[in-house]
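Colleague: The task is simple: from the sequences and hints, build the whole structure.
If you want the building blocks of each chain, they are given just below.
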Amino acid sequence: MAGLARGLTLGAAVAQDKRPAALHCISNFSFLRGASHPHELVERACELGYQALAITDECSVAGVVRAYVAARDKPLRLIIGSEFHVPELGVFIVLTRNRQGYAQLCQLITTARNRCKKGDYRVSLADFLGTLPDCNLLWRLPQSCYELADIEQSVTALKQHYPSRLWLAYGRHYHAYDADNYRRYQQLSQAHYVPVAAVCEVCYHQPKRHTLHDVLVAIRQRQPIDSQVAQLKPNQDYCLRSPSELTSCYPEAWLAQTIGIAKQCCFCLSELRYEYPAELVPEGRTATDYLRELTYTGAAIRFPQGLRSDVQAKLEKELTLIAQLGYEYFFLTIHDIVQFAQQRGILYQGRGSAANSVVCYCLQITAVNPDQIDVLFERFISAERDEPPDIDVDFEHERREEVIQYIYKKYGRHRAALAATVIRYRLRSALRDVGKALGFHEQELSHYLRQIDRRDGQQSWQEQLAEKFPGLQASYRGRCLLKLTQSILGFPRHLSQHVGGFVIAATQLTDLVPVENASMPERTVIQWDKDDLETLHLIKVDVLALGMLTALRKMFALVKQHHQRDLNLANIVQEDAAVYSMLQRADSIGVFQIESRAQMNMLPRLRPTTFYDLVVQIAIVRPGPIQGDMVHPYLRRRAGIEPVTFPSEAVREVLQRTLGVPIFQEQVIKLAMVAAGFSGGEADQLRRAMANWKSSGELRQFETKLIAGMRERGYSDEFAQRIFQQICGFGEYGFPESHSASFANLAYASAWLKCYYPAAFYCGLLNSLPMGFYSASQLIQDAKRHHINVLPIDIQHSQWHHQLESGQHGLQLRLGLRLVKGLSQSVTEKLLSQRPKGGFQHLQQLRSFGLGGADLHKLAAADALQALSGHRHESQWQSLALQVEQLPLFAEAGGPKSNAASYDLQALPLPPPAEFQDVAVDYKTTGVSVRRHPIALLREQQGLTGYKLASELAQCRHKQLVRVAGLVTCRQRPGTASGVTFVTLEDETGLVNVVIWQQTARSFRQAFLTAQLLKVKGVVEIHGDVIHVIAGHLEDGTEQLAQLGVAANRSRDFH
Amino acid sequence: MAFPAQVEALVKQGLVWQGQQAPLHRSPSNVLTTGWPELDQRLGGGWLQGCVHELQLQQQFIGELTLLLPLLSQPNITTLWINPPATPYAPGLIYQDIALLQQVIVQEPDNKLALWAAEQAVQSKAVDLVLFWHTTGLSAAAVRRLQQAAEAAQKTVFIVTAIQPEDDARAYAMRLRLTKIAAAPLQVEVLKRRYGWPLPPFPCAIESRLPRRRRVL
Amino acid sequence: MNRWVYLHFPHLLLDYQLALQPPEQSRYPHALLESHAARRTLVQANQTALQAGIKLGMADVLASTLAPNLRVHSYSQAQEKRVITQLAQVIYQDIAQIVLYPPQGLLCEVRSLVRLRGGYDAVVARLRSRVEQWPLRYCLSSGYSPLVAKLLAEAASPIISHDREAVQQAIAALPITYSGLAAVHIEKLYNVGFTSVGDLLKRPRAEIGVRFGRAVMNYMAELSGDFKPPQAFYHPPDKFDEKVELTSEVSSWGQLLFPLKRLLQQAESFLQSHQWSTRALVIRAHHRQGPATQVPIQFAHAVWQQNDLLQLCQLHLERQQLRQPVLALSIGLQRPESRQAKSTELLAGAPSADDQLSALVSRLQARLGEQSVQSVCYNDDWRPERQGRIQPWQQGQKQQPLKQQRPCWLLPQVQPIDRQQWQLQWGPERIVSGWWDAQPIRRDYYIAVDKAQRQGWIFHSQQGWYLHGWFS
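Protein chains in written order, with the UniProt record's numbering: chain H, 1 to 1055; chain C, 1 to 217; chain R, 1 to 472.
I should point out that these hints are in silico values taken from the structure, not numbers from a laboratory.
There could be a bad hint or two in this list.
[Stated by the list, open to error] Computed beta-carbon distance windows for the label pairs: (1) H/224 with R/251: 16 to 26 Å; (2) H/88 with C/183: 33 to 43 Å; (3) C/97 with R/379: 14 to 24 Å.
[Said to hold, decoys possible] For lysine-lysine, the following DSBU-like pairs were computed, each having C-alpha atoms within a straight-line distance of at most 35 Å: (4) H/118 with H/208; (5) C/125 with R/403; (6) R/403 with H/159; (7) R/55 with H/468; (8) R/150 with H/924; (9) R/403 with H/208; (10) H/1017 with R/55; (11) H/436 with R/243; (12) H/1015 with R/55.
Every residue, glycine too, gets a C-beta built ideally from N, C-alpha and C.
Modeller: What follows is the structure, given as structure tokens:
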């Protein structure tokens, strides 16, 4: 046997380095086939002392970048490859030798994937002939074929195309047929002079992971595991084996061949780094100086009164670092897109780490003036971290598609595509799939899932289940379920399309990464996600959508039309006292980011008076600061109750603006640098560890370093410990100051407009729905409370969108026909364009202008035809007569009158609807009603005697016993509050905030869960402007509404 | 030669056992090939249909089943196994191309009932072959009854027992003794056969149906 | 005179199922749910559930939060239809002309019985007493036309009187949503201000026809009784074979007593309506898989009362053993005979001989016992002792076997061996499998030769070396 091997080494140098190489490993990016993460395979290979590891997922390179990250600083060479199941010919394993080989592999994967719909591929022998000159091919014979004859021509064809690059991949996994297999490979190798390499098939990194591998097989077949045994592997040897085991299992020569192959594959993913689209830089110019020129022209515009010296210094520092790291193309790409948006008048706003740089401000990418917030350069780029800046740009959500089309047009579909997102197993899907595989019933599993409270921080889901279902823990199958569900969490299930992450290739996209079909027709997705692109320093641009930008543009247009003032984000008067006093009264419904219930409670306590207060307001009402209990100290210090102290001068400089309480991520990083002596890079690693502190234990080792550093610099242990607790409290919720600043910009702009041009504010918001926290009906209620006269939908006056009409005292809001559910926009707009000056004469005219019978009936039901055909019943009665199919039978059955007479009938008149009926049908057909509030109607019928109005609560005494009632518009149970639920009730005068303790909720469970009209008896608590009612007794008043016939729209529950 | 009328009637009823069956009215067609050439040649063509054969084993599991495998794996052969020494193993039978659906296994400790079952099988049209493991060996009367039933229904029966004393005469049509010495192939000794004298032991190479033997690892 | 009476059972299937269970069961909230397009809503609920605030049409998730110990089963229209037919059979003893409105309604023609029973109210009282034998919630209403009676009963606003005028007022006051019209019509009528059926009846029929089409025209005609749709009257079946579904699996004959009584009660009313008695019946217990357990019972003399039937059945059942839990119970009456004349009947012919092999097998089984005649079975499992087994005779071979080198003999029990006695020839073949049903194995199999050069199949596991099979 050995003689043969020696003869066939064909010049491959006999390797001195005896360390093994694994050439055929699939990760869990071969969906539902591989049972280990790429990094697990890499770490295990290093443990066992491998010299090389090939990640060869099935017709995919989706997992290789993760492996690359894991192997970056390890003594292991990562080989990039892929495996293909070729019908009748077994498995072809392709390993890339160099950069061209990698491009050829990506091209092959792309063609194979594009032949089928998502998740599938098809290949044949022909695809491998002549297409992979720079790759090695390992061929694992199919199990079934016995005679050598029928693979005769395939062998000769392959030998011809892969001179000295073709091997037979023999894998021994202790099966009954290993002996026959061994002889077969030997005969074929001797007959055709094709060398054999010892290549195990690796599906998981450790033996004990084989149970999860079996479950994956069952999940793929959607059958319980005991019915799939034939498909399962008979033992647990499809893993990485120790060198000693390999030498005892395979002939020495065949192992040497494997090492020889590994030596030939030297492609590394880092070679993809410097490949940027060239057309961004004009002919003959270098990227660096072109960027410098653009920056300084921008600076002239941004700082008309000239650059201050410190800003100038910061600008230079940024430009030199950008040049040093070679990131010019990132800024040029974004600058190009932002220019396009400016020309087309599309409102946009850059955020993310970019907002920390003066260069971006000068390039008009961000609108946050670096003076307003103290810019932390390390957060932007750090030489140590060597990571490209991630720059997200929000666009108006209705015009984002224009930007996307621009990108496709400029770079071409073959060079630009959307990045992928990896859809992974979360608890619900994991428990369900694993449960079904182990033979549990569907109902039983959903019962378990319902009992798990995912927001419960202390108890993991397994402990919760074990506690509530001891039987589960006791049974063997139950223990398997818990163990395997935990290990499958985070496994990728399939690739779907990222909402806005674009990748742009220098030349051909398919030279960079394979492209496959997405589920949506003619949409393609690349096999890498955002993190992969970031790791490889490829150009990645985030084009995101933001509803508020659309609303702001519409508001600016309305102000121009009705007040002849040219407003934009830049020229709004800053720091206007009236705006801040409005916000301090918690009158912030509709204002960006600070309209939620929790924000409205915080506004009167924080009392923002400056832009920076807004930046804090946006960041402080988040789980991070709440858990790290930074809210109360900050409020106490702001109200002057607690003295503002700083343990040292250095700390003062960092925390001065937030009164000594760390609120932003940047502050924590700076503290670590200033107080504990961390370097910029280390500090950022701390930030990264904070982002996923639950899963990785890295934060622990920072603790010792941090406290030691602080003790060194003379800070008390107590202070260091408190700072560390606050960092843990931050966890992933620590909000970056740069993000908060960008949002504060929009928040202030929308608040300013609400204060000075309320009519335009509400009209712009209503025309941009659905967005934000409130429904159209709640916005209209808020508008009426601000004395805006809201006119109903009227066929004679309304347009499709909501309009402003001038009335005696100021502008009035005319509701648009867009509110009528089910009405077709195109037909309606055509009709409105033909509306004569004095308006329509009668219904028949509408039909003659092309309005369909069904649309006519919808308008009648929405009471929009009052001018033509009287109250709602009359207009629907007449519209029914004008439906298309006039049955002749009834014409004469109705007596001599011709059908023409049937619509001006004198039959006994129909009774007009009662007011409460009108309100009910208003809600049903349009979702809003300008008539009186249902609660007002109920109060009028003495249904709510003894119940206070929302507006009357302000006059009550603190701790007074009151009764309030209203429509439930929102139920909220934030994870941080221990079991307390906040419910908002709406009546004709305003909103009531009700606090319901867990005990009260449980004792009035039915009313708490299902009531639409809730009647509450409780104690009112007043702290300054903040008013709450602590509920003692709940009663469901929905029956009374039912008699009224009003079904209020659904409340927004437990979101 | 013709017998007197009364004797002829008795023979027709099968009550007269004839010491020397004249070969003339037994056509050689009812011979079943054993699948092993050296055995066929010595047994005058193979196993005899309508006869009871005896296999005496020096020790169990020395290849007696492999000897019968070619016959068992014939396409539409239905076999009744009576009191097999261990469990007939489905994957093993499948590997030897034996149809599982056509095997019926009977475990019956009581000899009389086991014999009754064998006779039932022989008489029923459904079964073609009966393998009957009997540790101590059948009594002469039992063998004769079984021989007559097999002859009447033209069925083939095998009795697998331990080594029997030389002088015990039995009505078997054929008696073989199998022995295995060290690594040598299986030794078959024909003690009695219908068309010839007993033969000394000769090797029968049944390795093709057994796993490859390798020099010591 | 109002000719018709309509019986409506809003929670028929649930009430019937609870009737089959011991009374303390109905202390718990029970409900039936129907699921279409992943939305699971409650269609029937018992009294305790309704008191807990559960409403029909509510999602099952919300209901189970309102009443945590809610017991939910799935609704099946087919089962409810079988129950309504059984009910018709019971009422057939008093009312000759019955019309089935499956799954929850029964229409009875009562005018022809007024003279027989002496007065309208007497007829209704007799009907009520018959129905109240069963603990089912129902609503009974009279009407001058079938549709009117049906609408009033289903809207739970019944009128029980022979006076036509009273019924007409009731119908006029009926809310439009209970009019029985299609939803789209109801919405259109509601939109033009018609809130009650009376508003509709007031308008001239032509105007309605122009706006709402033919369907509403016919509806008004049927309502006023001008248009009489044909009614399909019920005729009792001539043989009795009824089945009862149990809500939960039952594992002993004792627990089956309750449903058995119900079935025998129906058997009695069947025999009574035909004036028959019976000499034999078969009780079948249906399991989750496999054939039902049959218990044929012969009676010495012909009987028809429920208690006689019950005693004899109990005698037989005590001796029976139930192999698997029971999901449903059914009873078939055999050889019913009219009570007066005695008739003899020949036994059915002998079963036809199908396959000779199974004939031989059944003969061997009869003599040697079922356990001793076995077949060789292959199933998909890597653990050798499960991959090949001999089991009591059963036809059929489902798996597609995998062809691998394996010994022809397998020892029923593995035998420990002394490794020195054996020379390894080939291996290992490693098998690590079976972790999912708590009997995992981890073995390395070898082909080896013993002292006598016999080729055996041995394996090494944590516990040591064992012999598992022979190659001879």
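Colleague: All the hints need checking, so say for each whether the structure fits it.
Modeller: Hint check:
no. : hint                         : verdict
1   : H/224 with R/251: 16 to 26 Å : holds, 24 Å
2   : H/88 with C/183: 33 to 43 Å  : holds, 42 Å
3   : C/97 with R/379: 14 to 24 Å  : holds, 19 Å
4   : H/118 with H/208             : holds, 32 Å
5   : C/125 with R/403             : holds, 31 Å
6   : R/403 with H/159             : holds, 32 Å
7   : R/55 with H/468              : holds, 28 Å
8   : R/150 with H/924             : holds, 31 Å
9   : R/403 with H/208             : holds, 28 Å
10  : H/1017 with R/55             : holds, 25 Å
11  : H/436 with R/243             : holds, 32 Å
12  : H/1015 with R/55             : holds, 20 Å
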